[in-house]
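Just so you know, the protein sequences line up as chains A and B, in that order. If you're matching positions, the first sequence starts at 0 in numbering that gives the first Met the number 0 and goes up one per residue. If you're matching positions, the second sequence starts at 0 in numbering that gives the first Met the number 0 and goes up one per residue.
None of the hints are false.
Selected chain A positions facing chain B (in silico; Cβ < 10 Å):
| no. | residue |
| --- | --- |
| 1 | G34 |
| 2 | T35 |
| 3 | V52 |
| 4 | A94 |
| 5 | A108 |
| 6 | W112 |
| 7 | T123 |
| 8 | T150 |
For the record, the hints were derived by calculation from the structure and aren't laboratory data. Where is the CB? At the ideal position from N, CA and C, for every residue including glycine.
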Amino acid sequence: MRSILLRALPYLLVGAFSVYLYTVAGRIEYHHRAGTLGPDFWPKLVLAVTIAVCLYETLRILLSRGRRSGASGVLQNIVERSEAEHGAGYLHVEARSPLLLAAGIALTAAYVWVIQHLGFFLATAPYVAVFIALGGYRRWALNAATSVLGTLAMMFFFMKVVYVSLPLGREPFAQVTLALMRLMGIR
Amino acid sequence: MDVLQSLAAGFVEVFVPANFVALTVGLLLGLLVAVLPGLTLVMGVVLALPFTYSMDITAAIILLTAMYVAGTYAGAWTSILFHVPGEPIDVPMLWDGYAMARKGEAAKALGWTLVSALIGGLAAATVMVLLAHPVARIALSFSTPEYFAIIFFGLATVVSLGGGSLSNALISLFLGLLIATVGVDDTYGAQRFTFGVPILSDGIDYLVVMVGAFGLGEVFMRMEQRFRSAPLQSIDTVTTRLPTLREAAAVKSTFARGTALGILIGLVPGAGATVASFLSYGIEAQYGRRRKEMGSGIAEGIVAPQTAATSSVGGAMIPLITMGIPGSGATAIILGAFLLHGLQPGPQVFETSSHIVYAVFASLFVGVIGMCLIGYFAARYLVRILELPEVIVSAYVVMCCILGAFAARNNITDVWLIVVFGVVGYACERLRFPVAPMVLGVILGPLAETNFMTTMISFNNDWTTFFTRPISGTIMALALASLAYPVAQHLRRRAAGAAR
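In isolation and in its complexed conformation, chain A is listed as follows (with noise of 0.2 Å):
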């Protein structure tokens, strides 16, 4: 039953919250002219087909114990059937690492955080090695190398090939950004 239920959940999750924005589009203000629709009638039709999906997907799991496949599409069909006949083509994983995962997301969120006070340069190059370390590489100079080394080209390639202009941080921290884009002849 758990499993059941755990197969489901992704429907109900979604179907619960397309509930509440439905209701949500029904607060939208406008001003109404007569005779035409308004504009909650598109995201209201795309929240009630939804919910509707969602109805169906979990009765079909419920009703049927989780042990039939819904309609699938053309595409999985023709993979299924050279599958069988060929063998698989896709690799399948064995072994996953949420933790990892987490750290990655973590990660991330957090450089996104520091970039704009850090700037670019004093950001991203710690970014990318601890990136590269957390994924488990450990030739820590070639880390090193390549953080420093890649941020520095990817800043003149961004800032003088392409004109783009990236973080510079806030003060402290933008002097350091400021001194090379000079070292780089960035204007």
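Dock chain B against chain A, hints included.
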């Protein structure tokens, strides 16, 4: 005659140094991206977009188109040589390409891939040149019901032709359509789903969704798998041996079927090279002359998916250029590049900017030949990129994603949004909700809504208009049939299962 003259001028434009450099860089990047298993061609085109901001529009579009076409080719090398598909497109190549390599004919398999990409690419480019102007002329007579019907058809096919559960694909698509409604509505100026956040009033840019879901989402997915790739065999002996004319003539019908199918699939807004590749292989396995030998390492098993994948590029460019409707993820980015440079593709583009359009067309011919030349002479060097640790590539992919999102509007909120969509993209992949329909929903959603609402206003809220006008009615019927087909197939299989 006009077309030939314009195309000749396009060729001259392609060989302008800046454009030629862009083409060469695009081809090399496309080939490299296709070889790396952690990077898909759509991701590659997404990542290249910010680098084109300061470029001239012709060079920018040529670069992205070159990446797109090259991305459909080089992934086959790693499928054939190492049993590692560089792209989802190249999975069918594992069945016959790798089998041929295991028989000691890897060079021959690479030769078949090259010839297939060359024939498929050039044939599709020719069809594109011949069809684009007439299609644009027809599109000039289209009104909003026809545009809505075409978009609806695209959205329906991305769901029905895709892999995985139909319901999941529908939910993913609706999620995309919903994301597209965030912001100020065009007709009434009403705030929708902004929740008081000022930046959401401008809406959520589809590029942010694409970069997040395709770019970051994939990196998160690979991170969870600890960036583990299959161990590679030696890559010292990569050579390409072209098939003889007699051998090629023996599979001419496979070339023809694959090319025609690829162009057709490319033309359908929504379906891309992956669908073309799998479908072409599936059709060859069902109806081909040597269908019983498919999977044992025969030429047909390589020619069918490769011709279809490469020829889908030419097909996908037609709705993009003539109607402003992207036919695939990569063409959506190319549309983004057009818009960023202030040019709206559509029927009028042949009147206002035909020199750019024909330069892009000509670049496809030069690009296909160029990528095959690079493939013939440099495949052994390009596959060496596989020796680069994936985690390092991924770190720079994340950096490029973040910089790309920041550079578009110089706004840090966009960067936060790509992290959010990165997590959403990961969750979708993990829970088997395909990402492509969501992204296509975000891209085509505003177009669909505008055309739907305008039709309702123009035709007194009569929804039957979509079905009673000949062109829109036919397209809507096709769209509904494409949705009904997998359901009918499922019911038939269930009935057959019950009978057994």
